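Take the sequences, apply the hints, and build the full model.
Sequential numbering of the sequence shown, starting at 0, is according to numbering that gives the first Met the number 0.
If you are wondering where the hints come from, they were derived from the structure by calculation, not from laboratory data. Keep in mind that the hints are not guaranteed to be accurate.
[Said to hold, decoys possible] Derived CB-CB ranges, DEER-like:
#1 F13 <-> E315: 17 to 25 Å
#2 E199 <-> F13: 47 to 55 Å
#3 S140 <-> I70: 50 to 58 Å
#4 A149 <-> V31: 28 to 36 Å
#5 M66 <-> E139: 41 to 49 Å
#6 L102 <-> G220: 35 to 43 Å
#7 E192 <-> K232: 31 to 39 Å
#8 V35 <-> P229: 20 to 28 Å
#9 P167 <-> K42: 39 to 47 Å
#10 K42 <-> G77: 28 to 36 Å
[Said to hold, decoys possible] No more than 30 Å apart at the CA atoms, straight line, and that leaves these computed lysine-lysine pairs for DSS-like:
#11 K180 <-> K190
#12 K42 <-> K232
#13 K340 <-> K190
#14 K232 <-> K338
A quick note: this is a predicted structure, and the numbers were derived from the prediction, not measured. For every residue, glycine included, the Cβ atom is placed at its ideal position computed from N, Cα and C.
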Amino acid sequence: MRQLLWKLAAPLRFFFNRPTFTLCLLAIGSIVASVVLGEYCTKLYLEQIFEPREYSTQEVLLAVLFMASCILPVIILGFGLLSCFRTDSSPLARVRRVVATYLAVTISFAGCYYGVIALTHAYKTVFEYGFYSDYLNRSESELANVPPLADSSGISGISFHLVTGVSPHPQAEGFAEWPVKFSVAATSEPKEEVIRTAFENRIPVLIDCAYFSVMTITSVGYGDMTPNAPLTKLLAASEALSGIAILVFALGSLSGGWWEAKKDAASRSGEQLAHGGDASPDTQGKLPIHLIGTPVEASCVSEPDEDCRAVIEKAEAAGVDTVLVRSEFGIVGICSVEKLKDAETVGDAMTRLDERLLMTADSSMLDFLEQADTHPVRVLLDGARIWGIVTAKDASRSAAQMAVLLRLNTLKSKAVSWVLNHIECDKTGRADVNERTWSALGIDPDTSLTVSDVALKLKESEFQMVLGATKSLGALDNLDDAEEVIGRLGRLCRQISHPTNGRNDEIDANAMPGLLRQTSELLGLLTSKSES
0 MRQLLWKLAA PLRFFFNRPT FTLCLLAIGS IVASVVLGEY CTKLYLEQIF EPREYSTQEV
60 LLAVLFMASC ILPVIILGFG LLSCFRTDSS PLARVRRVVA TYLAVTISFA GCYYGVIALT
120 HAYKTVFEYG FYSDYLNRSE SELANVPPLA DSSGISGISF HLVTGVSPHP QAEGFAEWPV
180 KFSVAATSEP KEEVIRTAFE NRIPVLIDCA YFSVMTITSV GYGDMTPNAP LTKLLAASEA
240 LSGIAILVFA LGSLSGGWWE AKKDAASRSG EQLAHGGDAS PDTQGKLPIH LIGTPVEASC
300 VSEPDEDCRA VIEKAEAAGV DTVLVRSEFG IVGICSVEKL KDAETVGDAM TRLDERLLMT
360 ADSSMLDFLE QADTHPVRVL LDGARIWGIV TAKDASRSAA QMAVLLRLNT LKSKAVSWVL
420 NHIECDKTGR ADVNERTWSA LGIDPDTSLT VSDVALKLKE SEFQMVLGAT KSLGALDNLD
480 DAEEVIGRLG RLCRQISHPT NGRNDEIDAN AMPGLLRQTS ELLGLLTSKS ES
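If you want it as structure tokens, here you go:
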């Protein structure tokens, strides 16, 4: 059920992860809907005046949709403000979203004004026809005392009428000298012949509506256009408040994001993340590991449902070609910038990590982390597939420990062979630590190691430390008898390392054959349980 709901929500995630595109789409859809529905409702109103009848269900539904379209600017405003406060966006992306929200709200309100103006023009024309028809048989002296009608259109100052009737447009030349008797005489004709729609004037009227919308949202208001109808007054007040809200939220989003970034950078000073090296499919037994320190503030971390284009921009700004994917459970995947170019969301392009093999460390990588035991660090082994995740702290201890930890972590004896000669220790001056370690242990770096080989060379304390780290880091979380297996391996370690003359690094040769066989059996048990 959860997967089904996730698939059904894919279209919503598509639009939510592309806020700028969605805002532009909503603005265009809003103004088109307002124009089409406004003109339709105007025609419907006039038809009802000419020939009264009952409205059909479809007509009522479209009228309700027109009223609902007046709420679209508020919906666009809410979506735009929420997108501005998303933490996964760069400052430049937030600026784009603020501008897109401002323009989308302005355009949407302009469409609402157009629809209301069309209806109010129709109402005004019908009212004038009825008013002047009462004076049809009056004398000219009586007509001279007819009071002028107030402008009852939605917004006064509009260049053209969308519905024409018995009187000329208030801004038409000679309107002030227009004889009332002409308007009265026009009422002698049937309504349907006098009152007509003039939707060919929609372009100049839309321009006027856009102008009025800009003047309202910016709180300029030159006074050349004023709202008259209750609905246009309500819309104008809402738009003025929307402009203030966008300004306040935009300043808060941009300044807050900058301040949080500065605080985060200060609190995580010196912290490093380890990015995985590439492991091509044809390595066949060799899996290179690269431990290259990268400052956290210069790295690129995204979320699975984040828009690929926004992540690509962040990666390019950070100067990295690999993106770490983080969810509420931690680092769950990794992907390259090249893969992001062919996908919509990061989750579609990332290489998902095996959560069972996910291991976190609580200390620094190669002494890069100043605040040890505070922030987790991970080393990602990237390639055709993720073989495993190991901690940077254990990688810095000794090459032999790293080999055992890798072997226990990945549980793939053939997949992980000689890896430590590929470790790069950046900015530490310890690039040759592996050669010195292997030389001291008497192991040829060109030969593949087995767990038994490593066990012969490790101290009891070192082996136990590796096993303890493996247990605490969760590599065996899915095994029911992890405690028993770890305990048996620990007892084997104590038997393998037999103290002689106060030293703890000598091996009891007589006990080796049986102990190595038991070690292999235990590791086989781990492998079988993990695969099952």
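Checklist entry - For which of the previously enumerated hints does the structure constitute a violation, in increasing order of number? => result 2, 6, 9, 13, 14
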